[in-house]
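Protein chains: 2
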Amino acid sequence: MENVRPLILVSNDDGVISKGISELVKCLRPLGDVVVMAPDRMRSGCASALTVNEPIHYQLLRQEPGLAVYKCSGTPTDCVKLAFHTVLSRKPDLVVAGINHGDNSSVNVHYSGTMGVVIEGCLKGIPSIGFSLCDHSPNADFSHALAYIRSMARQVLQHGLPPLVCLNVNFPVGPLQGVRICSQTRGDWTNEWENFAHRGDAHYYWLTGEYINRESENELSDHWALDHGYAAVTPVTVDVTAYEMMNRLDFLLTPETEEE
Amino acid sequence: MENVRPLILVSNDDGVISKGISELVKCLRPLGDVVVMAPDRMRSGCASALTVNEPIHYQLLRQEPGLAVYKCSGTPTDCVKLAFHTVLSRKPDLVVAGINHGDNSSVNVHYSGTMGVVIEGCLKGIPSIGFSLCDHSPNADFSHALAYIRSMARQVLQHGLPPLVCLNVNFPVGPLQGVRICSQTRGDWTNEWENFAHRGDAHYYWLTGEYINRESENELSDHWALDHGYAAVTPVTVDVTAYEMMNRLDFLLTPETEEE
Chain W
1 MENVRPLILV SNDDGVISKG ISELVKCLRP LGDVVVMAPD RMRSGCASAL TVNEPIHYQL
61 LRQEPGLAVY KCSGTPTDCV KLAFHTVLSR KPDLVVAGIN HGDNSSVNVH YSGTMGVVIE
121 GCLKGIPSIG FSLCDHSPNA DFSHALAYIR SMARQVLQHG LPPLVCLNVN FPVGPLQGVR
181 ICSQTRGDWT NEWENFAHRG DAHYYWLTGE YINRESENEL SDHWALDHGY AAVTPVTVDV
241 TAYEMMNRLD FLLTPETEEE
Chain L
1 MENVRPLILV SNDDGVISKG ISELVKCLRP LGDVVVMAPD RMRSGCASAL TVNEPIHYQL
61 LRQEPGLAVY KCSGTPTDCV KLAFHTVLSR KPDLVVAGIN HGDNSSVNVH YSGTMGVVIE
121 GCLKGIPSIG FSLCDHSPNA DFSHALAYIR SMARQVLQHG LPPLVCLNVN FPVGPLQGVR
181 ICSQTRGDWT NEWENFAHRG DAHYYWLTGE YINRESENEL SDHWALDHGY AAVTPVTVDV
241 TAYEMMNRLD FLLTPETEEE
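These protein sequence lines are chains W and L, in that order.
Sequential numbering of the first sequence, starting at 1, is according to our numbering.
Sequential numbering of the second sequence, starting at 1, is according to our numbering.
It is possible that part of the hints are untrue.
Note that the list lumps identical chains together, so a pair holds whenever it fits in one copy or between two copies.
[Claimed, not checked] Below, computed lysine to any residue pairings styled on SDA-like, alpha-carbon distance capped at 25 Å: (1) K124 <-> Y211; (2) K124 <-> E217; (3) K26 <-> G66; (4) K71 <-> G209; (5) K19 <-> S137; (6) K71 <-> E54; (7) K124 <-> T208; (8) K71 <-> R199; (9) K19 <-> G32; (10) K124 <-> D239; (11) K124 <-> Y243; (12) K19 <-> G102.
Just so you know, the hints here were simulated from the structure itself, not pulled from any lab data.
As the structure is a computational prediction, the values presented were derived from the model and not from experiment.
Sequences are here, hints too, so could you generate the full structure?
The following block contains the structure:
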């Protein structure tokens, strides 16, 4: 077994041709054999969406020793599921998503296709990490994050992660102050729609919005870390049971008698 | 304030014309004023996906005292966000999703557009519940669930829910043994792709799969409840931080020195 190089599955939600995934693959190749199965187009904001109404397909784009790159017509989650079913010769040792062009901290974890990849890898029992940079531009500068990304991937390959836990790692723009282990910041989005146009009685809106941090003083929160120049590592559970509530819902247990 | 009827926002992922949402609206109308903003087509399996690449639009389908029904071209999550921004006269007292045609217990919570609605309502600070029936058929029989649904909605209107916690409620087919408060069952999907066709080097696959329960003896799990004829109420947190891991990730804090 010691002669076998680690097998790393890579995907993202910005699409297979994005700069972020290209930088990620270069960064990870020294650690093992890399298989990329990534969407053939931009799929930002698609969370853990599945393609359920139509077939999806994949195609090999590039193969060389230690690297195979496939594009897939499905969502990021489809990409992971399909890679496990088709192109991976065995269970991978690590699933990595990114590097996302844009912030996936705080509540964005729920909308993130990057985290869709990571959640799927985790549900399949593989240590999984998502990397994101707080810069949406297509030509974003990932250089300050790369040494951290390789180090974290190597450490997770070595130490593993417990079942049902994965990592959401976000980087600020520019040089880093260091790394902090964080919680998901409480916050929300407001002014979420731009009134784009009307046509008769159909109203057209474009998604936009302003993020409001509801705990900006919490030094353990991921948004605090990013605001202060640190990479934020947020451990994420895929068991979303609110266990502390299980003994507090007895009021739901009895149906009412029909009154109508 | 006592004269103001509760305001209830309803959405789903099966689309505005599905039987499940129609039954849900009938069931909830005695409890308050109902506003429906639901997808104009089937959006199953779209999780908390957002529409980020194009504008979305909505249209009024029907209005009468105590009820307004809108269709929306966006995802279930878009529907909630857009309703808050446009058609709701004030913050609703309750957000309800469903009744979904199909099981959203166990890991399905991650893929569910029904739960996308619920998570969004919860992130906006509103008590939110998703109802699903373990029957995918368009003409599924929801009758056994309706008294429970009205009772639960009424109780949640009265008692509220804590911040960051929402409810995922699944019903078995047929008469109920009762209701159980549950945890998310550990399980996974296998054999997820049907090899649908090939065309040249493009391989086409259709999503399918078999669910494997990894804790079939856990009487607290939601799948156990459903298997034994009970409605399963699973409290779900939208703060997905794995808090117990925050002190166990110190190995990630130091970057390696560049070795290449």
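Status of the hints after comparison with the structure:
no., hint, result
1, K124 <-> Y211, "between (32 Å within a copy, 12 Å between copies)"
2, K124 <-> E217, "between (36 Å within a copy, 21 Å between copies)"
3, K26 <-> G66, "within (11 Å within a copy, 58 Å between copies)"
4, K71 <-> G209, "between (31 Å within a copy, 22 Å between copies)"
5, K19 <-> S137, "within (10 Å within a copy, 43 Å between copies)"
6, K71 <-> E54, "both (17 Å within a copy, 23 Å between copies)"
7, K124 <-> T208, "between (33 Å within a copy, 16 Å between copies)"
8, K71 <-> R199, "between (37 Å within a copy, 15 Å between copies)"
9, K19 <-> G32, "within (20 Å within a copy, 51 Å between copies)"
10, K124 <-> D239, "both (13 Å within a copy, 21 Å between copies)"
11, K124 <-> Y243, "both (22 Å within a copy, 21 Å between copies)"
12, K19 <-> G102, "within (12 Å within a copy, 39 Å between copies)"
Checked against the numbered hints given earlier, the structure satisfies every one of them.
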